[in-house]
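Enquirer: Please build the complete structure, drawing on both the sequences and the hints.
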Amino acid sequence: MLSVYSLWRLRRRCSQLAGICRIDLLCDYLEGCEQLNPGQIDNTPMIAVDLELTGLDTKKNKIISIGWTLIDNGRIRLGSNQHLLVSTDHSVGDSATIHELLDNELETGISIEDALGLLFQAAKGRVWVFHHAGLDVAFLQVACRQWAELGASTRIPMMTLDTLQIELSTRQRRDIPVKPGDLQLGELRAHYHLPDYKGHNALVDALATAELMLAMAARLDRDESLHLKPYLKFI
Amino acid sequence: MSDIAHIVDFLRTVQPFNSLDVALLEKVSEQLEVAYYPQNKTILASESSPGLAIIRKGAVRLVDEEHKFLDKRYERELFGHKIYFHLEFKHYIAEAEEDSLIWHLNDEDFKKLCKQQADFDAYFNSYFHNRLSVPSQAQYLSESKISVVADLIKRKPVCIDISVSIFETAKMMSQQDISSVLVTEKELLVGIVTDKDLRHRVLAKAVDPAASIGGVMTRNPQCLIASDDVNAALLHMMRENYHHLPVVEDQRPIGLITAGDILREQSEHPLRLVRDIHKRDTLDELVILSKRLPLLFERTVNLGRNSKQVGLMITSITDAFTCRLLVLAEQRFGPPPMKYAWLAFGSQAREEQTARTDQDNALIFERKLEGDAEAEYFSRLAEFVCDGLDKLGYVYCPGEIMALNVKWRLSLRQWKRQFARWIDEPDPMSVMHCSIFFDMRRIYGDTRLVEDLQTEVVAKAKENKIFRHFMATNALNQRPPLGFFRRFVQEDDGSHSEGLNLKHRGIVPVTDLIRIRALEAGISEANTFRRIELVAELGIMNKNDALNLRDALNLINQVRLTHQSRQMEAGDAPTNFVPIEALSSLKRRNLKAAFMLIKKAQQAMASRYQ
Chain E
1 MLSVYSLWRL
11 RRRCSQLAGI
21 CRIDLLCDYL
31 EGCEQLNPGQ
41 IDNTPMIAVD
51 LELTGLDTKK
61 NKIISIGWTL
71 IDNGRIRLGS
81 NQHLLVSTDH
91 SVGDSATIHE
101 LLDNELETGI
111 SIEDALGLLF
121 QAAKGRVWVF
131 HHAGLDVAFL
141 QVACRQWAEL
151 GASTRIPMMT
161 LDTLQIELST
171 RQRRDIPVKP
181 GDLQLGELRA
191 HYHLPDYKGH
201 NALVDALATA
211 ELMLAMAARL
221 DRDESLHLKP
231 YLKFI
Chain B
1 MSDIAHIVDF
11 LRTVQPFNSL
21 DVALLEKVSE
31 QLEVAYYPQN
41 KTILASESSP
51 GLAIIRKGAV
61 RLVDEEHKFL
71 DKRYERELFG
81 HKIYFHLEFK
91 HYIAEAEEDS
101 LIWHLNDEDF
111 KKLCKQQADF
121 DAYFNSYFHN
131 RLSVPSQAQY
141 LSESKISVVA
151 DLIKRKPVCI
161 DISVSIFETA
171 KMMSQQDISS
181 VLVTEKELLV
191 GIVTDKDLRH
201 RVLAKAVDPA
211 ASIGGVMTRN
221 PQCLIASDDV
231 NAALLHMMRE
241 NYHHLPVVED
251 QRPIGLITAG
261 DILREQSEHP
271 LRLVRDIHKR
281 DTLDELVILS
291 KRLPLLFERT
301 VNLGRNSKQV
311 GLMITSITDA
321 FTCRLLVLAE
331 QRFGPPPMKY
341 AWLAFGSQAR
351 EEQTARTDQD
361 NALIFERKLE
371 GDAEAEYFSR
381 LAEFVCDGLD
391 KLGYVYCPGE
401 IMALNVKWRL
411 SLRQWKRQFA
421 RWIDEPDPMS
431 VMHCSIFFDM
441 RRIYGDTRLV
451 EDLQTEVVAK
461 AKENKIFRHF
471 MATNALNQRP
481 PLGFFRRFVQ
491 EDDGSHSEGL
501 NLKHRGIVPV
511 TDLIRIRALE
521 AGISEANTFR
531 RIELVAELGI
541 MNKNDALNLR
551 DALNLINQVR
561 LTHQSRQMEA
571 GDAPTNFVPI
581 EALSSLKRRN
591 LKAAFMLIKK
601 AQQAMASRYQ
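These protein sequences, in sequence, are chains E and B.
Quick note on numbering: my numbering labels position 214 of the first sequence as 214, and the sequence is numbered without any gaps.
Quick note on numbering: my numbering labels position 494 of the second sequence as 494, and the sequence is numbered without any gaps.
Watch out, some of these pointers could steer you wrong.
Not the full set, but computed from the structure, chain B residues with beta-carbon under 8 Å of chain E [claimed, not checked]:
1) Ile7
2) Glu30
3) Gln31
4) Glu33
5) Val34
6) Ala35
7) Tyr37
8) Pro38
9) Thr42
10) Arg56
11) Gly58
12) Leu101
13) Asn106
Some chain B residues judged to face chain E by a derived CB distance under 7 Å, without partners named [stated by the list, open to error]:
14) Leu32
15) Tyr36
16) Lys57
17) Asp99
18) Asn220
By construction, these hints were calculated from the structure, which means they are not laboratory data.
Since this is a predicted model, take the numbers as computed values, not measurements.
A virtual CB, placed ideally from N, CA and C, is assigned to each residue, including glycine.
Expert: This is how it looks when you write it as structure tokens:
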């Protein structure tokens with residue numbers, strides 16, 4: 001739950017980190033984050049992001065692609081769609097079958113530093129939207145620390161919305177049982193009468209998450225625009 | 001890299017976006033914005049120039065300012081633009097009927113697109129189009145598959161230069177194991193040589209194998225152009241009984257295509273039947289083949305092909321049966337004593353046949369029959385073919401307009417005189433005849449005889465306005481059933497509806513109307529869809545009106561075909577009579593709009609021929 005105090009703390013962390021950070025793009029992002037004043041879904045700029053990973057372990061595994069799309073005034077701008085393949089020294093190994101990305105396809109990708117630069121540039125002044133934020137945020141934090149050569153205890157401030165968490169808390173509040181698999185992206189989309197997207201990559205899933213976010217917001221509050229504050233989380 | 005394939009893929013299934021090329025669709029997809037509207041939420045008001053909205057998922061209700069229901073739109077349909085409701089332009093408010101995912105194209109980008117793309121723009125300016133926009137997925141799929149001949153070419157054709165010897169050619173053909181080879185001169189196609197040619201023109205005639213291949217090849221062979229439509233190409237090959245044809249681009253050979261190539265690509269193709277028909281030698285065998293027709297009809301309709309394509313397919317089968325019967329008749333009764341041609345009238349001539357059809361045909365001779373032997377020959381030939389057609393399911397014409405009737409076995413001069421009488425001294429009976437006889441097409445035999453007759457008849461009809469006036473009066477006798485519909489649409493319960501004769505109330509009026517327009521233009525083409533295109537091109541009819549009428553006809557036909565296909569599936573005999581209850585409310589509204597357009601076109605015709 002958001003309080004004036006936690007917002008103040010986030011802002012202070014932003015300005016402190018901006019003071020020591022040596023990467024301009026990240027400093028810009030931090031300034032944007034500091035000025036962020038999220039209100040209703042219609043007036044809060046957002047960025048829906050999805051990562052494809054080589055595995056679940058932040059120590060061993062890597063980000064292999066990043067997809068995102070921007071939401072402004074409660075609408076997804078398809079022109080802002082972005083799908084970046086990240087080149088990595090590690091072989092894709094087994095996860096290639098899952099993501100259908102092959103090694104030689106990854107070779108055409110860009111470096112993780114460039115990818116993060118583009119991502120944080122796009123994310124400036126925006127609330128992040130993920131489906132199951134925990135994993136993606138953890139990977140972004142690790143990658144950013146390496147990128148900006150920050151200490152292990154440093155966190156890059158982010159204001160996030162997690163479609164999985166929002167659904168879970170809504171169901172728990174209403175005492176609706178949750179079965180395993182119920183909260184998967186595809187399942188939830190079907191629940192909200194959203195189209196079934198064939199083929200998954202980071203961008204398709206980011207777009208799918210963005211649509212789900214809009215659908216959830218519309219359901220959560222049918223009369224007026226949804227206040228985001230109760231659902232926001234600060235990293 | 002922005003990955004928008006599935007957005008473009010969806011756009012390609014939405015009319016009129018399907019008319020745009022992929023590069024442009026990609027650009028459009030980047031201009032789109034996605035929004036989600038829960039049930040009952042207001043999406044937009046048309047008055048405020050909200051741009052164009054595409055329903056990606058869900059359903060949207062359009063209401064007027066007093067919140068009265070105007071229309072409902074579904075996935076893949078559009079709103080936001082100017083919409084005519086029952087031919088009347090109205091502002092409206094769009095609300096989510098269900099939870100809906102909507103793609104918005106802002107007004108500026110929408111207008112820019114309209115400015116750039118004339119066809120796209122025409123879609124929104126035709127009040128009919130923006131009402132009748134229910135493309136089926138199936139249609140999209142069948143169209144997106146292979147559509148032009150060039151797509152079928154798998155490898156470069158084997159070519160030889162015209163200077164090469166016969167021996168070298170044969171050696172090369174046997175080495176490469178091919179049955180035909182293209183002959184070029186300075187890389188341009190000049191001929192073709194097949195196994196058969198080597199047998200007939202070389203071996204059988206003891207030609208010196210050292211001679212150049214140029215002397216025995218078939219010069220200037222029939223060929224297909226790379227951009228030819230696959231269905232048209234197949235139809236052409238079937239009709240003329242070609243096994244393979246070279247494909248050229250700028251006169252350079254780029255491939256060789258067999259009918260089998262096309263059929264394999266479309267394995268369930270109705271035209272496979274056409275090929276089989278040409279291989280059968282007895283009427284009984286043909287009757288067995290004709291049993292496949294109902295199933296093929298259903299399949300063709302269910303493929304979601306448009307009604308023009310369905311008409312062409314079904315008619316090509318009738319044509320094939322007719323030709324085959326004539327070949328068999330000539331085999332049985334010996335070669336004909338003179339040049340003649342077999343003519344089809346009515347729907348077969350227009351290539352607009354459906355499941356239920358009777359025969360309208362006649363014979364034309366190069367000169368008057370002399371002596372009993374000649375009369376006897378053609379009488380037996382006509383009897384053989386007409387009886388055969390009847391057995392194959394094309395029942396005798398109730399009006400006896402058949403070659404079986406001695407009245408319709410005439411020489412070219414007699415036919416000309418007959419038409420001249422009808423045109424110069426029109427009376428109700430002759431006008432009725434004309435509406436049948438003016439749709440005329442050669443099915444078999446001498447082409448020139450028919451062309452000669454057609455040219456003269458069309459020219460005569462074009463000159464004679466009084467005659468066309470009679471035709472117009474006759475055409476206006478059949479009125480679209482709007483009164484019936486209005487009552488129906490208002491009551492909307494359908495419990496006591498009598499059904500609707502789509503043929504007499506919808507299709508015949510359009511066909512009649514367009515025939516007169518075609519006569520004004522002096523067009524001898526019989527197919528209504530092509531007539532519409534031609535009269536629009538020649539400026540006889542306003543282009544938008546023509547397109548609207550075409551769509552109206554297509555829609556009514558589509559409803560009729562679907563209905564007939566369902567009847568046949570249920571084991572009933574197909575009829576032209578559609579019970580209103582069988583139609584969804586969307587179909588009903590579309591039909592009503594179609595009938596309104598026909599009425600409008602009739603009014604225009606009435607004032608023209610007052």
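Enquirer: It remains to establish, for every hint, whether it holds in the given structure.
Expert: Now for the hints, and whether the structure bears them out:
{"no.": "1", "hint": "Ile7", "in the structure": "6 Å, holds"}
{"no.": "2", "hint": "Glu30", "in the structure": "4 Å, holds"}
{"no.": "3", "hint": "Gln31", "in the structure": "6 Å, holds"}
{"no.": "4", "hint": "Glu33", "in the structure": "4 Å, holds"}
{"no.": "5", "hint": "Val34", "in the structure": "4 Å, holds"}
{"no.": "6", "hint": "Ala35", "in the structure": "5 Å, holds"}
{"no.": "7", "hint": "Tyr37", "in the structure": "7 Å, holds"}
{"no.": "8", "hint": "Pro38", "in the structure": "4 Å, holds"}
{"no.": "9", "hint": "Thr42", "in the structure": "12 Å, violated"}
{"no.": "10", "hint": "Arg56", "in the structure": "6 Å, holds"}
{"no.": "11", "hint": "Gly58", "in the structure": "7 Å, holds"}
{"no.": "12", "hint": "Leu101", "in the structure": "6 Å, holds"}
{"no.": "13", "hint": "Asn106", "in the structure": "10 Å, violated"}
{"no.": "14", "hint": "Leu32", "in the structure": "4 Å, holds"}
{"no.": "15", "hint": "Tyr36", "in the structure": "4 Å, holds"}
{"no.": "16", "hint": "Lys57", "in the structure": "5 Å, holds"}
{"no.": "17", "hint": "Asp99", "in the structure": "5 Å, holds"}
{"no.": "18", "hint": "Asn220", "in the structure": "49 Å, violated"}
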